[in-house]
Amino acid sequence: MNLEKYGKISCLQADWCDGKTLFAGVTTRNGGVSRPPYNSLNLGSNTEDAAYNVEGNRSTFLHAFELPLHHLLLVNQVHGSDIVVVDKKNYDVSHFQDVEADAIITNQPGLMLGVTVADCYPLIVFDPKQRVAAVIHVGWRGAANGLIGKVLDAMREEFNSIAEELLVAVGPGISAEHYEVGKEVREGFRNGTGHWGEIATEVDLGKWQVDLLKSCLLQLDQVGIKKKNIDCADACTWNQRELFFSYRRDGGKTGRQMGFVLFRDE
6 MNLEKYGKIS CLQADWCDGK TLFAGVTTRN GGVSRPPYNS LNLGSNTEDA
56 AYNVEGNRST FLHAFELPLH HLLLVNQVHG SDIVVVDKKN YDVSHFQDVE
106 ADAIITNQPG LMLGVTVADC YPLIVFDPKQ RVAAVIHVGW RGAANGLIGK
156 VLDAMREEFN SIAEELLVAV GPGISAEHYE VGKEVREGFR NGTGHWGEIA
206 TEVDLGKWQV DLLKSCLLQL DQVGIKKKNI DCADACTWNQ RELFFSYRRD
256 GGKTGRQMGF VLFRDE
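Heads up: the sequence shown is residues 6 to 271, going by the numbering used here.
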């Protein structure tokens, strides 16, 4: 993923985007109006930042892609495994922000799909053949519950997507070095998707460092995504304060960047 600028905002953009009819990536924290500790492009409404700042930042973000605010499709993220599928034209998709889900799929051009994150991994999927896009919010619960596989299953069932043809972008998120967890997370993975032995390193009694990025990549491999079609951000949200918000680094009082995808009619 490469750092690109659109209008006032900068973002990490997936290598497989053309920057004309297809945009996918993750925003940085720069280019907005929010004041510390949310400075400055805070796109998350689940913070204590003023609502008018968040709305202003979202308007700035959408304006950079020549879209009105009501074309921003977000959901109420709850660290679950529910998926919203939008397969019909919607003039205003703002009402989806009240729907509890952690992934969105659409075949409708002109909609900006987004998930807000500040250590969890944003995962973006595009099917160039069927013209279908998805965004996924992957925290430890989403990873343990196999949310990635569920989204790709839904794309196959609803839109005839084929895993080998999909393009994927992952991250940035928190690195294993800064992601120490306890027994609840271990049990979640052991009872869910597994891979615990491959993604966790014990650092103390009842404490592990967990590699969420590796979990995402293992799950993508498991469902048949080609490695050459996966673009990973070489970045850690904790380490790069100048670019990204980090919930753990900042003690929870911080903003949110957005993983996004937009495709237009060719």
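Bear in mind the hints are in silico, worked out from the structure with no lab data behind them.
Bear in mind that the values here come from a model prediction, so they are computed numbers and not experimental data.
Cβ coordinates follow ideal geometry from the N, Cα and C atoms, glycine included.
There may be inaccurate statements among the hints.
As the list claims (entries may be wrong) - With beta-carbon atoms standing in for the labels, derived distance ranges: (1) K232 x G257: 45 to 51 Å; (2) K25 x G257: 23 to 29 Å; (3) N196 x D103: 25 to 31 Å; (4) K25 x E170: 18 to 24 Å.
Said to hold, decoys possible - Taking lysine-lysine pairs in the DSBU-like style, the calculated list, with each CA pair at most 35 Å apart, reads: (5) K231 x K212; (6) K188 x K93; (7) K13 x K93; (8) K134 x K233; (9) K188 x K13; (10) K155 x K188; (11) K25 x K188; (12) K134 x K258; (13) K94 x K188; (14) K25 x K93; (15) K134 x K212; (16) K10 x K219; (17) K212 x K94; (18) K155 x K134; (19) K134 x K188; (20) K13 x K94; (21) K134 x K13; (22) K212 x K93; (23) K155 x K93.
Structure-based check of each hint:
{"no.": "1", "hint": "K232 x G257: 45 to 51 Å", "verdict": "violated, 35 Å"}
{"no.": "2", "hint": "K25 x G257: 23 to 29 Å", "verdict": "violated, 39 Å"}
{"no.": "3", "hint": "N196 x D103: 25 to 31 Å", "verdict": "holds, 30 Å"}
{"no.": "4", "hint": "K25 x E170: 18 to 24 Å", "verdict": "holds, 21 Å"}
{"no.": "5", "hint": "K231 x K212", "verdict": "holds, 33 Å"}
{"no.": "6", "hint": "K188 x K93", "verdict": "violated, 43 Å"}
{"no.": "7", "hint": "K13 x K93", "verdict": "holds, 31 Å"}
{"no.": "8", "hint": "K134 x K233", "verdict": "holds, 17 Å"}
{"no.": "9", "hint": "K188 x K13", "verdict": "violated, 43 Å"}
{"no.": "10", "hint": "K155 x K188", "verdict": "holds, 25 Å"}
{"no.": "11", "hint": "K25 x K188", "verdict": "violated, 46 Å"}
{"no.": "12", "hint": "K134 x K258", "verdict": "violated, 41 Å"}
{"no.": "13", "hint": "K94 x K188", "verdict": "violated, 44 Å"}
{"no.": "14", "hint": "K25 x K93", "verdict": "holds, 23 Å"}
{"no.": "15", "hint": "K134 x K212", "verdict": "violated, 44 Å"}
{"no.": "16", "hint": "K10 x K219", "verdict": "holds, 28 Å"}
{"no.": "17", "hint": "K212 x K94", "verdict": "violated, 47 Å"}
{"no.": "18", "hint": "K155 x K134", "verdict": "holds, 20 Å"}
{"no.": "19", "hint": "K134 x K188", "verdict": "violated, 42 Å"}
{"no.": "20", "hint": "K13 x K94", "verdict": "holds, 29 Å"}
{"no.": "21", "hint": "K134 x K13", "verdict": "holds, 32 Å"}
{"no.": "22", "hint": "K212 x K93", "verdict": "violated, 46 Å"}
{"no.": "23", "hint": "K155 x K93", "verdict": "holds, 21 Å"}
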